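Undergrad: Here is how the chains run, residue by residue.
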Amino acid sequence: METGRRNFLKIGGLCTLGLGSLRLVDAIAKTEEPKFLLNVQALSAKRWAMAIDMKKCWEKGRPGCTDCTLACHSTHNVPDIGTQKEEIKWIWEEKYENVFPRQESGMEPEAIREKPFILLCNHCTNAPCTRVCPTKATFKRPDGITMMDFHRCIGCRYCMAACPYGARSFNFRDPRPFIKTELNTTFPTRERGVVEKCNFCEERLAAGKIPACVEACKCKALCFGDLEDPKSDVRKALASQFSIRRKPELGTEPGVYYVI
Amino acid sequence: MLERALTGSTRYKRLLGVLLVFMGLGFAAYLTQWNRGLTITGLSRDVSWGLYIAQFTFLVGVAASAVMVVLPYYLHDIKAFGKITILGEFLAIAACTMCALFVLVDMGKPMRLLNIFIYPTPNSILFWDVIVLNGYLLLNIFIGWNVLEAERKGTHYPNWVKPLIYLSIPWAVSIHTVTAFLYAGLPGRHYWLTAIMAARFLASAFCSGPALLIMLSYLVKKYSKFDPGKEAIDKLTTIMTYSMLISVFFVGLEFFTAFYSNIPGEMDSLKYLFIGLDGHHNLVPFMWLFAILAISGVVLLLNPNVRKNEKMLLAAAACVFFSMYIEKGVGLIVAGFIPNPLDQVHEYFPSLPEIMIALGIWATGFFILTVLYKIAISVKEEVA
Numbered sequence: 001m002e003t004g005r006r007n008f009l010k011i012g013g014l015c016t017l018g019l020g021s022l023r024l025v026d027a028i029a030k031t032e033e034p035k036f037l038l039n040v041q042a043l044s045a046k047r048w049a050m051a052i053d054m055k056k057c058w059e060k061g062r063p064g065c066t067d068c069t070l071a072c073h074s075t076h077n078v079p080d081i082g083t084q085k086e087e088i089k090w091i092w093e094e095k096y097e098n099v100f101p102r103q104e105s106g107m108e109p110e111a112i113r114e115k116p117f118i119l120l121c122n123h124c125t126n127a128p129c130t131r132v133c134p135t136k137a138t139f140k141r142p143d144g145i146t147m148m149d150f151h152r153c154i155g156c157r158y159c160m161a162a163c164p165y166g167a168r169s170f171n172f173r174d175p176r177p178f179i180k181t182e183l184n185t186t187f188p189t190r191e192r193g194v195v196e197k198c199n200f201c202e203e204r205l206a207a208g209k210i211p212a213c214v215e216a217c218k219c220k221a222l223c224f225g226d227l228e229d230p231k232s233d234v235r236k237a238l239a240s241q242f243s244i245r246r247k248p249e250l251g252t253e254p255g256v257y258y259v260i
Numbered sequence: 261m262l263e264r265a266l267t268g269s270t271r272y273k274r275l276l277g278v279l280l281v282f283m284g285l286g287f288a289a290y291l292t293q294w295n296r297g298l299t300i301t302g303l304s305r306d307v308s309w310g311l312y313i314a315q316f317t318f319l320v321g322v323a324a325s326a327v328m329v330v331l332p333y334y335l336h337d338i339k340a341f342g343k344i345t346i347l348g349e350f351l352a353i354a355a356c357t358m359c360a361l362f363v364l365v366d367m368g369k370p371m372r373l374l375n376i377f378i379y380p381t382p383n384s385i386l387f388w389d390v391i392v393l394n395g396y397l398l399l400n401i402f403i404g405w406n407v408l409e410a411e412r413k414g415t416h417y418p419n420w421v422k423p424l425i426y427l428s429i430p431w432a433v434s435i436h437t438v439t440a441f442l443y444a445g446l447p448g449r450h451y452w453l454t455a456i457m458a459a460r461f462l463a464s465a466f467c468s469g470p471a472l473l474i475m476l477s478y479l480v481k482k483y484s485k486f487d488p489g490k491e492a493i494d495k496l497t498t499i500m501t502y503s504m505l506i507s508v509f510f511v512g513l514e515f516f517t518a519f520y521s522n523i524p525g526e527m528d529s530l531k532y533l534f535i536g537l538d539g540h541h542n543l544v545p546f547m548w549l550f551a552i553l554a555i556s557g558v559v560l561l562l563n564p565n566v567r568k569n570e571k572m573l574l575a576a577a578a579c580v581f582f583s584m585y586i587e588k589g590v591g592l593i594v595a596g597f598i599p600n601p602l603d604q605v606h607e608y609f610p611s612l613p614e615i616m617i618a619l620g621i622w623a624t625g626f627f628i629l630t631v632l633y634k635i636a637i638s639v640k641e642e643v644a
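Protein sequence lines, in the order shown, are assigned to chains Z and E. Okay, so the first sequence: first residue is 1 according to my numbering, each after it adds one. Okay, so the second sequence: first residue is 261 according to my numbering, each after it adds one.
Just so you know, the hints here were simulated from the structure itself, not pulled from any lab data. Owing to the predicted nature of the structure, the values given are computational and were not obtained by experimental measurement. Think of the CB as a built atom: it goes at the ideal place given N, C-alpha and C, for glycine as much as any other residue. Any given hint might turn out to be false.
Partial list, computed: chain E residues near chain Z (C-beta under 8 Å) [as the list claims (entries may be wrong)]: (1) T292; (2) Q293; (3) G297; (4) T299; (5) G368; (6) H450.
All chains should be built: construct the whole structure from the sequences, respecting the hints.
TA: Structural data, given as structure tokens:
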């Protein structure tokens, strides 16, 4: 196609005008309304935290109960890959010696040594995972939740190296064929190649609901609330009983407390 | 100058052919990884970095070859290095390229690579590592190419190259320091959480880089008319000897702190590497091979007669190179993940496709190296 200078300038001018008019549209269409409306029922806090009362779990729960794990994993479409190597888990069980390594006296009651402890992301105040992420795909929210953006994660797994609690899982393969619970269409499934972990059910909090695991526990062993609010359930539970956190010496300030 | 890479002896073409075959195999293996994900590797939830990141870590050290010839030549005016600065710089180009490729194949979502630049995150050491490594790659390309081109034309290189040369010296220190910081700042990874990590990286880089350069210089001398010069090799040998001694000393320091303090977390990874932990000992043979090679290298290099004898020197350089390869490219990364944060041992061993991809990247690096060395040597032969 042949074109002269005149034509070229004409088309160029039109293009510039067209692109420039976009700004005009933006300016005219501007409203005072915010782009997103917060659900008025949304739960909010200065610092979300959880207290796990293991005694309640062991004494009141039926043996082998995994209600919290089931509730969480079905709510969040967590796949069941079936191998230890590629296992994906948001909330799960381990023994005392693994949850609190180097804190064993060696003379604990057998119950403590053998009974399961509940593990999940600690939503640390000083989260090492968010410190190392090269794309801010994992980040801290002002309310203390350590969030994960599955759509920004590049899958470098630096956060997995940084997490001192083993709370993060990586999608080594496409997880969708391995979702064995009923698909929750209100929560995204993940793609192959990204990291995932517990999100303290921020999507439920935004809709005014407490986390799925807390709701599912029939013996009320999981207690969720605002750590900065002295009247919250979490503060009351922690004020009346002795509690510990995992690896406090690392200065990460976990938001998950254990009452034993 | 590029056209010099297109012509060459049958041996040159055969070498490129062999490397291309390995590159092809590696690429084919990468396609399966592209289609199926990192599930085809031996990596796991607990050992989430393995062969790829370990090769990357070791190769950052090899890139130091450049500064070990550039620094004495430009800062101390040691003329003997003038002839081989180009070999060091071109080796750094190949090493940096391999580093970048190893990081790329390790990514779960490589198509999102640019997110690192779209959302720059200065508090992430990985962000800085990407910057310093690519920066060092570019510096060496600009410097190496311009200095060589000037040599071909029989002129002095342009003045704007000089500041880049001076910049490349501290920049070389930065690539090791920043790469060490990737590991040394993570809470809960006892094996990595050591203040001398960056110092260890520098020391091992300054022996493995020159060791490879000594071996390559020998090959260059044998197969071309260009002689890098005995004096340069002697001086490189001295640098390699001191750096190797310091490296071995540093490894010893880690042992002292861990075992004299008797803190389990400090000892566990070292135990896993050298005697096995809880019945798991995949890496024990490798680490003893490291120990044997390192000690052999030191014993050989301490003997002045060995340093003067070409064949013996090559053997010593090989000991140094491969011992440091095992230390950085096999042990360091994997042992950081063992035991895991829950004090359990889940071992790692690379899968066949993973090894093929790694070999493919090594072949790519050596392909680049061969082509660049061919150009450099052709120019040197013409000028001489």
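Undergrad: Against each hint, give a clear statement of whether it holds in the structure.
TA: Hints, one by one, checked against the model:
1. T292: violated (12 Å)
2. Q293: violated (10 Å)
3. G297: holds (4 Å)
4. T299: holds (4 Å)
5. G368: G368 of chain E check passes; min Cβ-Cβ to chain Z is 2 Å, inside 8 Å.
6. H450: violated (10 Å)
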